[in-house]
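A.B. asks: For reference, the chains in residue letters:
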Amino acid sequence: MAVRAVSTPGGRRLPDGPTAAERQVALLEFLLGSLDQVGSARRVVDWLVETGASPRAAALLVDHANHQLVIIAERGLPGITDLTIDLRQEQHPFVRALSSLGPVSLAREPQLRLVLGDGRMQALPLRAHQDGQALGLLLVASSTRALPSAVAWSADRLSEQLYRIRSRETLAETQYGHERLLLFNIINAVSDPVLLTDLEGQVLIANSLAEKLLVAPDDASEGWRRAVALNSMLFSAALTASTISESGGRRELLLVDPLEGSDLVYELLSTLVHQKRQGSYVVSVLRDVTDLARARVEIDESYRTLRLAQAKVREERHRLDLIIDSVADPILVTDADGGIVLLNAPAEKMFAPAHDSTESAARRVRANGANLTSFVGTLLASGTQDRFAGELTLTDPATGAVVPFEAIAGTILSDQGELMWVVTILHDLTEAIEKARLYEQLKRASIELEEKVHEATAELAEQNELLRRQHIALEQASSLKSQFLANMSHEFRTPLNAILGYTHMTLQGVAGELSPGQRRNLTRIDSNARHLLGLINDILDITRIEAGRMPLTMSTFALGDLIREVLLEMEPIIARRPQLEVVLDIKRSLPRLRTDRQKVKQIVLNLLSNSVKFTEEGGIYIRAAYDARSRMALVTVRDTGIGIAPESQSHVFEDFRQLDSSPSRAHGGTGLGLSICRRLAQMLDGGITLDSQVGVGSSFTLRIPVKPRRR
Amino acid sequence: MTRDRRTAPLILVVEDYDDAREMYVEYLTFTGFRVESATNGVEAIEMTQRLKPDLVLMDLALPKLDGWEATRRLKSDRATAHIPVIALTGHALAGHAERAREAGCDSFITKPCVPDELVSEINRVLEGRHAAGAADGAESSSAGKRRSRR
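Quick note, the sequences are listed as chains A and B, same order. Per our numbering, the first sequence starts with residue 4, numbered consecutively. Per our numbering, the second sequence starts with residue 10, numbered consecutively.
Hints should not be assumed to be uniformly reliable.
As the list claims (entries may be wrong) - Here are the computed lysine to any residue pairs in the SDA-like style, where the Cα-Cα straight-line distance is at most 25 Å: (1) B/K73 - A/L488; (2) A/K604 - B/D125; (3) A/K604 - B/A90; (4) A/K604 - B/R133; (5) A/K352 - A/G341.
As the list claims (entries may be wrong) - Taking CB as the label site, the calculated pair distances span: (6) A/I475 - B/V51: 52 to 58 Å; (7) B/E111 - A/P711: 23 to 29 Å; (8) A/L483 - B/D86: 44 to 50 Å; (9) A/D564 - B/D86: 52 to 58 Å; (10) A/L463 - B/E111: 38 to 44 Å; (11) A/P649 - B/E78: 53 to 59 Å; (12) A/L693 - B/E111: 51 to 57 Å.
These are calculated hints, taken from the structure and not from any lab test. Backbone N, C-alpha and C define an ideal beta-carbon position, used for all residues, glycine too.
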């Protein structure tokens with residue numbers, strides 16, 4: 004313990020040692036300059052010891068707040084250095100001393116001996132007024148009852164000093180309390196719950212809103228308590244999590260309204276506050292975001308709706324794009340300033356440079372753009388018109404080909420009538436122009452063709468006329484030929500008539516009896532003349548048929564009668580072949596025929612005479628029948644004659660054919676007979692067929708319709 | 010073949026070709042007819058009107074006036090219309106027969122016609138005339154297969 008050298012603040016050391024008065028002044032100066040109870044008390048204790056007023060001294064102060072008497076300064080009394088006495092120990096000598104009016108001698112009580120040692124001590128209560136409460140005790144050593152005046156003086160001074168300081172402190176304390184109230188009002192006025200808690204979430208200070216959430220009054224219902232307990236738990240948990248972040252992070256906190264039971268959503272803002280003396284605290288502000296949360300949900304909903312709407316719009320837009328892109332014609336939308344707002348794929352080809360486009364392609368794109376701008380400009384300059392059609396020549400950026408377009412533009416106006424967009428649709432005219440060109444070509448070709456047809460027609464007409472004339476000439480020639488032949492046959496007949504007539508007459512003995520030689524010779528003349536007549540008649544028939552001058556004379560007759568008639572006529576010839584059997588078979592089913600009787604007779608006669616001519620022995624079988632299916636009458640003349648070789652069968656019906664030239668003399672005939680027969684049969688809508696085998700015989704069949712066909 | 014020379018039918022043969030005319034005349038006379046002859050149409054009409062023969066054998070191709078016209082005239086004359094006319098022609102073309110019928114011929118014979126056939130046709134026509142009083146051109150045929158038309 005320092006015994007001397009005590010420096011005073013601002014004091015000065017006197018070289019010759021201070022006087023008692025000077026020491027008092029120094030103490031007073033010090034005390035006046037100090038507002039510290041502890042420092043003041045220590046100074047007084049030091050002064051007592053140093054001035055020799057009391058070799059030992061100590062000062063104790065009352066701590067009202069803690070109901071304690073605390074030692075704050077001592078000199079020469081090491082036993083009481085850390086002494087603290089509870090004021091409620093009313094029997095304690097120090098406590099009793101506090102309530103005495105004057106100095107109290109401290110009895111040598113065992114409990115004090117430990118503290119004060121062996122020396123006699125007195126306790127002086129320190130009070131400013133006689134009736135005032137003691138603020139402390141000053142312990143001084145005294146061998147006598149009476150105390151030195153310096154002790155009493157210094158005790159008074161310390162009392163005054165303590166009082167003065169206490170008064171100031173009380174004032175300050177009152178001011179603090181006021182401020183504290185104000186502050187409390189302020190935090191109560193905050194519309195959010197505000198709390199000061201320790202780190203574990205134990206509430207130290209809470210405003211009314213926070214209390215409402217976290218503190219249940221004594222008369223609270225069970226539900227309220229439970230809600231409060233739940234809220235406290237939730238809050239602590241949130242705080243624990245929150246304080247980890249240290250910087251006072253925000254987090255959402257869901258609490259329950261203890262009265263209403265509804266959910267409350269708070270945003271928790273916690274700030275960690277460090278204080279050296281009191282340790283760490285957490286200040287929490289709960290911001291009610293229930294409405295905000297609701298609003299947020301609504302916003303979320305709106306946002307989702309918006310997103311859906313946007314998606315729909317996007318889809319619409321996509322679909323529209325697809326539709327627009329699928330149009331083969333370029334479509335563009337430009338705004339009022341001529342900027343391109345939208346283009347479909349074909350338009351892109353013309354107006355948007357490809358990312359890999361060449362310089363020339365880019366130039367063409369720019370030229371196209373300029374063309375379009377000028378076109379749209381013309382449209383806008385035209386004023387009131389909201390549709391505008393024109394032609395526009397662009398260049399294909401890729402190929403450089405010039406493409407003519409028909410452009411149709413329309414304006415889109417806003418509700419206020421302002422021009423918003425211009426929609427331009429371009430239609431490639433290349434094809435149309437090509438078509439028009441082709442059409443023109445076609446027309447030209449058609450005209451040419453028509454001219455050619457005209458020419459050809461004229462030529463044809465000319466040729467027709469020529470042919471007609473030729474035909475007439477030919478007809479005339481034919482007619483002349485027929486006429487000539489007819490005349491010729493007449494001319495032949497006239498002498499022949501005489502030859503035959505005279506021969507006949509002579510044979511009949513008109514000019515007297517004949518010798519057998521004469522008769523034989525005349526018979527030969529007669530036979531040759533008749534042969535000549537046959538030739539002439541055949542030639543005449545062919546001529547008539549060819550000239551179409553063989554008319555048909557229709558009649559109805561029985562074919563059987565006709566055949567019998569022919570046989571009768573042929574009787575003389577048949578008689579010359581006595582070994583020849585002639586058999587006639589006429590079917591009963593055979594109907595009467597309606598056709599040219601004379602022609603049928605001529606054919607049958609011809610077939611029969613042929614058979615007789617070429618059949619030396621055996622038989623001739625004539626069969627007449629009706630074929631119901633074809634409605635034809637069939638006349639078959641079969642013989643057992645020499646027959647006709649297969650390779651010759653097709654020739655027998657040709658003009659002037661006789662199969663063998665040598666028998667022709669033997670058999671006679673012109674070779675026209677079968678040819679005439681076939682022609683006649685064809686005239687009657689019928690025909691003649693042949694079935695023959697060499698050495699076996701021939702079979703000719705004539706087919707004639709029983710009724711003429713309708714023509 | 011024996012007929013009374015005075016009552017035998019009188020046949021007028023009209024034919025410009027002498028050999029034929031004479032042949033018919035000879036044969037008809039040989040057969041027993043009374044026979045007169047003419048060489049052209051004009052003569053034929055004159056003789057028919059004058060002699061009123063029982064039958065006229067008329068060649069169609071005649072000089073001066075052809076057989077068709079001569080026949081037409083005879084048939085349009087009341088005095089001679091009843092006398093049958095047998096047309097005789099070397100032309101076998103269809104038109105001849107038709108025209109002959111149109112002209113009024115009672116029968117039609119195509120040359121060549123052997124005397125026998127001619128006689129039988131004459132007899133047929135005469136018999137028909139006597140029997141029915143109407144001429145009906147029956148058929149006349151020859152080995153040449155020519156035929157008159159109805």
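A.B. asks: Now tell me, hint by hint, if it's right for this structure.
C.D. replies: Verification of the supplied hints:
Of the supplied pair hints, the one linking B/K73 and A/L488 holds, its CA atoms being roughly 24 Å apart against a limit of 25 Å. The suggested pairing of A/K604 with B/D125 holds, with an alpha-carbon distance near 23 Å, which does not exceed 25 Å. For the given pair, A/K604 sits about 35 Å from B/A90 by alpha-carbon distance, which is inconsistent with the 25 Å threshold. Taking the CA atoms of A/K604 and B/R133, the gap is about 23 Å. The hint holds against a cut of 25 Å.
Between A/K352 and A/G341 the CA atoms are separated by roughly 18 Å; this keeps the pair inside 25 Å, and the hint holds. Our hint of 52 to 58 Å for A/I475 and B/V51 is violated, since their Cβ atoms are close to 37 Å apart. Between B/E111 and A/P711, the C-beta spacing of about 26 Å keeps the proposed range 23 to 29 Å intact. The beta-carbon spacing between A/L483 and B/D86, approximately 37 Å, falls outside the hinted interval of 44 to 50 Å.
The hinted range of 52 to 58 Å is not satisfied by A/D564 and B/D86, whose Cβ atoms lie roughly 41 Å apart. About 43 Å separates the C-beta atoms of A/L463 and B/E111, a value consistent with the hinted range of 38 to 44 Å. For A/P649 and B/E78, the hinted distance range of 53 to 59 Å is satisfied, since their beta carbons lie about 57 Å from each other. For A/L693 and B/E111, the hinted distance range of 51 to 57 Å is not satisfied, since their beta carbons lie about 42 Å from each other.
When the structure is compared with the earlier hints, violations turn up for hints 3, 6, 8, 9, 12 and for no others.
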